[in-house]
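Undergrad: Sequence:
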Amino acid sequence: METPGSQSSLHRANLERVVRAVRLAGSLTQAEIARTTGLSAATVSNIVRELKDGGTVEVTPTSAGGRRARSVSLSGDAGIVIGVDFGHTHLRVAVGNLAHQVLAEESEPLDVDASATEGFDRAEELVKRLIEVTGVDPAKLAGVGLGVPGPIDVESGTLGSTAILPGWGGTRPAEELRGRLGVPVHVDNDANLGALGELVWGSGRGVRDLAYIKVASGVGAGLVIAGKIYRGPGGTAGEIGHITLDEAGPVCRCGNRGCLETFTAARYVLPLLQPSHGTELTMEGVVRLARNGDPGCRRVIADVGRHIGSGVANLCNLLNPSRVVLGGDLAEAGELVLGPIRESVGRYAIPSAARQLSVLPGALGGRAEVLGALALALSEMGDSTLLDGSATGTLPTATPAFT
Numbered sequence: 002m003e004t005p006g007s008q009s010s011l012h013r014a015n016l017e018r019v020v021r022a023v024r025l026a027g028s029l030t031q032a033e034i035a036r037t038t039g040l041s042a043a044t045v046s047n048i049v050r051e052l053k054d055g056g057t058v059e060v061t062p063t064s065a066g067g068r069r070a071r072s073v074s075l076s077g078d079a080g081i082v083i084g085v086d087f088g089h090t091h092l093r094v095a096v097g098n099l100a101h102q103v104l105a106e107e108s109e110p111l112d113v114d115a116s117a118t119e120g121f122d123r124a125e126e127l128v129k130r131l132i133e134v135t136g137v138d139p140a141k142l143a144g145v146g147l148g149v150p151g152p153i154d155v156e157s158g159t160l161g162s163t164a165i166l167p168g169w170g171g172t173r174p175a176e177e178l179r180g181r182l183g184v185p186v187h188v189d190n191d192a193n194l195g196a197l198g199e200l201v202w203g204s205g206r207g208v209r210d211l212a213y214i215k216v217a218s219g220v221g222a223g224l225v226i227a228g229k230i231y232r233g234p235g236g237t238a239g240e241i242g243h244i245t246l247d248e249a250g251p252v253c254r255c256g257n258r259g260c261l262e263t264f265t266a267a268r269y270v271l272p273l274l275q276p277s278h279g280t281e282l283t284m285e286g287v288v289r290l291a292r293n294g295d296p297g298c299r300r301v302i303a304d305v306g307r308h309i310g311s312g313v314a315n316l317c318n319l320l321n322p323s324r325v326v327l328g329g330d331l332a333e334a335g336e337l338v339l340g341p342i343r344e345s346v347g348r349y350a351i352p353s354a355a356r357q358l359s360v361l362p363g364a365l366g367g368r369a370e371v372l373g374a375l376a377l378a379l380s381e382m383g384d385s386t387l388l389d390g391s392a393t394g395t396l397p398t399a400t401p402a403f404t
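Sequential numbering from 2 applies to the sequence shown in the working numbering.
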């Protein structure tokens, strides 16, 4: 029996530190593990050898700084995680292993007016189908990350806003999906997961302080502070769409007037172009037309960029992030929207904060949220559980509710 402070308990703690560092990063050289954990190179080498012998990690030759090195990642057979992303008009699911490799991914349309029950039914079916496609034993499913386009109450796990997904108000998405799949489910809003996806796999790699701005049917921001998602005590941090730009402006769905969202979100922007472009126009279509030189669409995108930039300037003055990543369909407009964003930041942000800021398009496109959901599931895994299953190569999690 281990006692606090004993040699065996210290060794166990060091094992967990190494596994956690590798799990969160995807892969690290032994030197990087030593820097991340604060352990000595000799200790890391011994622990990696032990974990490799137990089947928990894989070690492959690589190079770092022109010198030979060994890259350490969790074993591809150690387990799998699922990412589920509910969007305004879509459902996307991905299956990944603990080595940060995406094994299968699929997206399908989702009627925004569909009931929550129908949405969860389809998510359950898609999860089961993708696990079958990968051929992985369902018993190796360690957890699920779930994204929804609305604020989640931190204490109750209840979905707050109903304006994006009508009929979902008051539901507890994590609890609902957990009951269907029989494994731990961790839920967050789509902007936070977009930030996490870009942080781990995309334009935010190597950055510890960033804001991910998603402009779609609504406007939200995922905030990363000191390398971690910042949610606030109530889970509503990052609601940048409700910064007031004009007290006499249009009435927002939140009840206030002149919110940033009323000048940038698709539901408010598209009607500006309908007289000249018809009622079937989408934000994706606006971006495509703008890139092809359409003057009306270019003007609208530039105006949207300037408004977003005003909100970003407020973020700069408050939080001083080093990077802002723009996601959603609007990011495909490139410099047509990024230029005006930078222009507003330069005008309204404190000069020292503006100088330190880089504004980039997301690298993951529409996959940012579902990959962020995978990253959420990976980050919430227990390292102790993973180590306990290393001898058999299986994870001793709850038995999945499906076979």
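No lab work stands behind these hints, which were simulated from the structure alone.
Because the structure is a prediction, the values reported are computed rather than measured.
Possibly wrong hints are sitting among the right ones.
[Stated by the list, open to error] Using C-beta positions, here's what the derived DEER-type ranges look like:
no.: 1; residue 1: Thr63; residue 2: Thr245; range: 47 to 53 Å
no.: 2; residue 1: Ala14; residue 2: Asn318; range: 25 to 31 Å
no.: 3; residue 1: Asp247; residue 2: Ser353; range: 25 to 31 Å
no.: 4; residue 1: Arg356; residue 2: Arg50; range: 43 to 49 Å
Cβ atoms here follow ideal geometry from the backbone N, Cα and C, with glycine treated the same way.
Undergrad: Hints the structure violates: just list their numbers, smallest first.
TA: 2
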